[in-house]
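For the protein sequence lines, the chains are A and B, in the order given. Residue 457 in the numbering used here sits at position 457 of the first sequence, and the numbers go up by one each step. Residue 684 in the numbering used here sits at position 684 of the second sequence, and the numbers go up by one each step.
Hints should not be assumed to be uniformly reliable.
What the hints assert, rightly or not - Which residues of chain A face chain B? A few of them, derived with a C-beta cut under 10 Å, are: (1) G206; (2) K210; (3) N537; (4) W539; (5) G543.
Keep in mind the hints are simulated off the structure, nothing from the lab. Note that the Cβ used here is the ideal one computed from N, Cα and C, for glycine as well.
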Amino acid sequence: MALVAGVLFTSCDLNFFPSDELNSDVLLQDEAGAAYIMDGCYAFLKDEIDFLGYASGNTFTRHYFQLSEFPADNTSLSSHTTDPLYEATAYAMTDNLKNVGTLWMVAYKAIYMANTVITSFDEGTSTDGDQLLGEAYFMRALMHLNLVTLYAKPYSHGRDNIGIPLHISTSNETITRAKVGDVYDQIVKDFTKASELMGPSRGNKGYPSKDAALGMLSRVHLYMENWEEVVNTVNAMLGGASPASKLEKDFVALFPNAKTANETLFCIAHEATDTRGQSSIGSMYLKDGMGWGEIYPSNTLLYLYERYPEDIRYKGIILPQYLAAGTMTAYLPIEAQEGGISTGRSNLIANATPAGENFTCTVDGATYTIEKRTINGEYTEYWMNYKGEDVQVRVHPVMQNRKQIPIYYINKFSYQDGDPMLSSPIVCRWGEVILNRAEAYAHMGGKDAEALADVNVLRERAGIPADGMFSTGKMHGYASALDVVLDERRLELAFEGHRLFDLIRNKRQINRLYPGAQPWEIVEPDYPKLQYPIPNNEWTVSGIEQNPTY
Amino acid sequence: MRTISVICMSLLLAIAPAFAQTVVKGTVTSADDGMPLIGVSVVEQGTTNGTVTDFDGNYELETAKNATIQFSYIGFKTQTAKAAATLNIIMESDAIMMEEVVSLGYSSIKKAELSSAVVTVSSEALTDVTTSDIGNMLQGKVAGVQITNAGGQPGDAAEIRIRGTGSITASSDPVYVVDGVMGGSFNPQDVETISVLKDAGATGIYGAAAAGGVIVVTTKSGKKNEKVTVDVKATAGAKQALYNNYKMMDAKELYGFHQQLYSKGVFSAMYPKDLVNENHNWQDEFFRTGVIQDYYVSVKGGSDKVGYYAGLNYYDEQGTLITTGMKKFSANLNLNAQITKWLDMKAKVTFTKSTVDYPSSWTMLDDAFNKMPWDNPYELDAEGKSTGRYLYVDNSKRSDNGKAWWSQNTWNSLNSTYYNYSTSNNFDFSGMLQLNVHFTDWLNFSTTNTFGAGYWKSTSYVDPRAYDSSYANGYLENSIGISKSFGTTNILKASYQWGDHSVNGMLGWEWGTWKSEYTTASGTGMPNGVDALNATSPFGVSGYEMPGASWAAFVQAQYDYAKRYFVTATFRAEASSIFAPENRVGYFPSVAASWLISNEDFMKDQDVVSFLKLRASYGVTGNNNIPAYKYLATYALSALYQNQVAATPSRLANPLLHWETANMAAVGIDLTFINRIDMSIDLYNTDNTGLLLNVPVAPSTGFYEVTKNAGSVRNQGIEYRIDANIINKGKWNWDLGFNIGFNKNRVTDLPNHEPFLQTASSVSQQVKEGQDIYSWYMKEWAGVDPNNGDPLWYVVDAEGEYVLDADGQKTTTNDYNATQAKVVGKATPLFSGGLNTQVSWNGIFVNVNTNFMYGNKIYNYTRQSTDADGAYVGYNQLSIENSIQGWSRWEKKGDNATHPKPMLNGNKNSNAISSRYLEDGSYFRIKNLTVGYEFPKSLIKKAYMTRCRIYLSADNLWTATKFSGMDPEITLSTSTYNLAGMYSSNYPVGRTYQAGVEISF
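Can you make the complete structure from the sequences, with help from the hints?
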């Protein structure tokens, strides 16, 4: 009887299929499937991922925009936080933190999805099909670029340095780390292919386009020091139009409206329902009802902006939290803990009493003079000798402080749809592309005028007065056009994830002598901790080589 | 089915006997007290002809002349006698209940004839603790069964592990068989007995789901001709949170600690001196003494054709964490009826309704423990007096007086409790209809059909007035789940005896189908206080349904010879929709044998050993406890991009997935001395092979894990149980019970013999051949450098070996990244068990029930932020001054301290994951103490009572442990967020004091 029943019930239907899923064969029958998968790719970058025991705030975009920004010199962290953005800021990374692990996993998942589309569809069957294929090549290149810049040394440090696993098929075989040069070559190939396959985007700037691919290509060529290629690519993109015509007039409105702004080439589109509240990118920079507001612009960036206070990139983006009745106050960076270099510096805060051009302040019962210095006949700095050390002091009306650090909120990742915690972070925009060309010119030699002209386009849009423009005859104290361009990139692209790579690929030191929870130090461009560790769950399984010092 | 019954009925008619008849009459009384026994089964041997005694112990039966009549009654020795006109029987009680019938789910068997490791717990022994969860009731009462409280949230089920953990990815939970139905539901108060089936000899028949063991539940039911009994039980009491060794810094200690973190100038600028007087205990605000109430009433009884049982239970528990609690109402009706001579019926209806209140904000537990004592949770008026209302906070400045808010998190979830809530409402209904057809005295057929339906709705509400880290304008989420299931179990049983031989057989098949549906909708932007989705802007919707089905066929044969030698063989074939079509069917054979030595002739002449039995069993069961569809390569359509449906790959598919198999071998001995001391020793070896494993794959492939059948785990163990009746003299009675289980767990095989890591919240355990499956894998803490207060770790190379210096000593480093992880302990205990005792004198009784665990290591995750040497200045820290572990802080050169020098933002990764936070999880706990009085029968008779008992009881009275967290009971379940044995801001269990009364009429 058991046998009879067995036969009876083997034939009974035990085939069920999940009601909210599609078989990959069914999905890949036609182009519509490619659109679903590419949208899945972008969605995966913005969505919270349950991974390694984390969910809340565990998004690719948040991790990427923090990991690419906080180890540089634009930001200061006001105090330690349980979020591993601290470890990224303080070069204290370990290979099991969620940000390095999640970013790596999501990037390779997006690469896998892009590869699925690339291997499942043929070119040239339809315009829509080619557009989607182009998107797939674009995403594969973008993800490989994000990975190689975060986990490997810059291209300019040597083509033969160890790179990252390069995945250009859907094979699930694990592979070893390719050389940096080989990774970049593939990225160039893929962005080029993407630019050939795509036309205008299939919607707003939340989808890639031909221009987005070319814009990224200009960045990759810049990183690879192919100066001519940068100039050619940007010129082709412009097609004779003036750079200024590609920029948004209202710089401040660009960020909350990134999805539709003409200047945007590609952004990761977020909808009102994608708001991440206290776990958004903006939450670290801003407190407006919600948000932590724990990361402020570094003193060195503030000094640079304050040279032209009318600069809209300062005036419209940085929000100093002055107390209503402001008295002039001196902020003197001193060791937060005696003998504790790694604990960073905090501020001594004291009333600043005007004394002619200078100020005086009283600390521990002793009165000190804060000396005004004029630099290059243009900018003012205040210095004080405290306990034998010459220290630059900030003097300004009294402000709200967080752990002795004056609060300057930053709104570059806020106010889309009026939501202080919502933005569609920009991956590439015309402002960058123009500066890519500017930097290429500056490196080429003999093209300084062209470089400075591009810089001035951005400065004009920012509302800097005419005497703040650069020319080969008026360098405002800068030694080279390259120095000018790099500072302009810093001003224009602050917090957008460029500064770290700009400094180390140009082999510049990272000057972090400003107060905050991060160590007070100057970092050399070949410091090994500027590359992130290969995540623990990667190297322990695939056996690929870990980065030095981890 | 219909054809079968017709055939069998004709068979019955054909063999209807026509012998000479006689009438037998008599009274059955108890040898103990001479009282009549009601409901004694009186059967003409070898026939289905029988009756039961009435209220006065009388019976009357028409039998064949010269017939042998058998008298049987639970708790008494079965007797036989030759038919006579008057036959009065005095039945002797069976002290050790060898005739006790043990339910094995599909069948039941006399305890003496068991060949397997089965432990039975009665309802009296279960319900000493007051809880809504059966697991909690079983804790410490069964050898080899490790039970762990999940925490203090009312309604949470305890975790049960029978004979160790054999699975890694698939759940190791046991399966419940309720009144013969796999996966049935029940209310703990309705339980008559529970049998825990531990080896394959007993569990084999349940096949693919039984690898974690089987818990057989028999609910109360009325017997035929049973006197009407009304049972009333009421308990009420109070429950307080139990912190054990957990002690945070007070205002003064914290002030001194922060003083060490800052240079003088900065500290005096930041920290006002009067902070030391601002000492606010946040735990006292978040935790309360909750009221707990449990009321139960039941009626049972029976006529000559019908037996009935109806039970009602109301359970109300206020959680010790404010805003949490549970109310549960359940009703159960069991009915059995003799429809015709050859057909009886059993019907059961169970209904349960419960409301569970969860913490109103998810941050509440964290806030209770890491808020700074300097922050006054109450709003202050202009004079600085508390207004009695919790402060609203959304900034690092207080909203009342503009002073600093010291805590890192700028919110006060106490204020949010005025508005927010998180509740779930659950309705469960199940109906069962069983028909038993007695074809002949040796052949019967039963069909058991169960229908279950469940409905739940959960609501989370965040009011716009409450500060919320995710939703500025409020948030409302309503989720609804509906589940239905149908199952049918059909069993043909036969038994036959000739001479000394006895054969039993069972043949069955079952089929089940189920479906669950889930819908959720959320909205935001509602006006203050409006918690209806209609009043919101839509935020999200999702939903799906999950169907499934399975079938099984099984056969069992039992043989015994002369009640001395017993053999059972079982075979089950089973298929489930969880697996791919080609791997759907699994086969599960088992065999068990035993030798009842005490029935041998050579044992007859002694009276020391009253019972002695050897048992052995071997069998195969399975585990299919994984989510469905793991074999399919699909894309999930649950994501959205720019409000368009988007597809993401669900998984790396594995079309070869099949059952995990557990090969269980066990031997045991049961021994009773002088009818007073009863003990069992069991040895087992369980090899789980083809483990369902989420094997990590390199994330660079686009996936980070794949579910495979790979690897093997071996559990070997020994269990010992002793129950002794030490004193039974006059008015004195003293029983003592002790059980202990040792289990050794080893991973014996892995894919390519490669170890891999299980990681959650960045903490890892290494799964490696030759190791316990829950082996903690992290950098090894080497203490504090006496010279400079630096943290130190042992230097370990990539192979996990210590790097030794020239003298062969382990080397240390203060650079966290300069060393590698190694195995530093395991989360599974060496042994666990319980010690129970009951003493009574003249109606006064004292019961003590304890449980213990030894040799496991707990990773205290919360210490990464609350014992962090200055890394987190916005979180309160564990007290060093008041630590019971004798902690000390490094202050000056030469100090041999447990804690490094405090450094602002942390001292060289000292709070990174390492064995520093791995703690001894051993504990001994007095689970329950009950003191009560049972009124003498003579006294209560006048009030028409048959039983009256009052008592005072305390749960979780006392715990001995070195663990620094609140509760050393940590579950071994693994999830995306938690590893086995990991402790992280858990809701502490409570200590309960209550008074109760039990009355029977």
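Would you pick out the hints that fail for this structure and give their numbers low to high?
2
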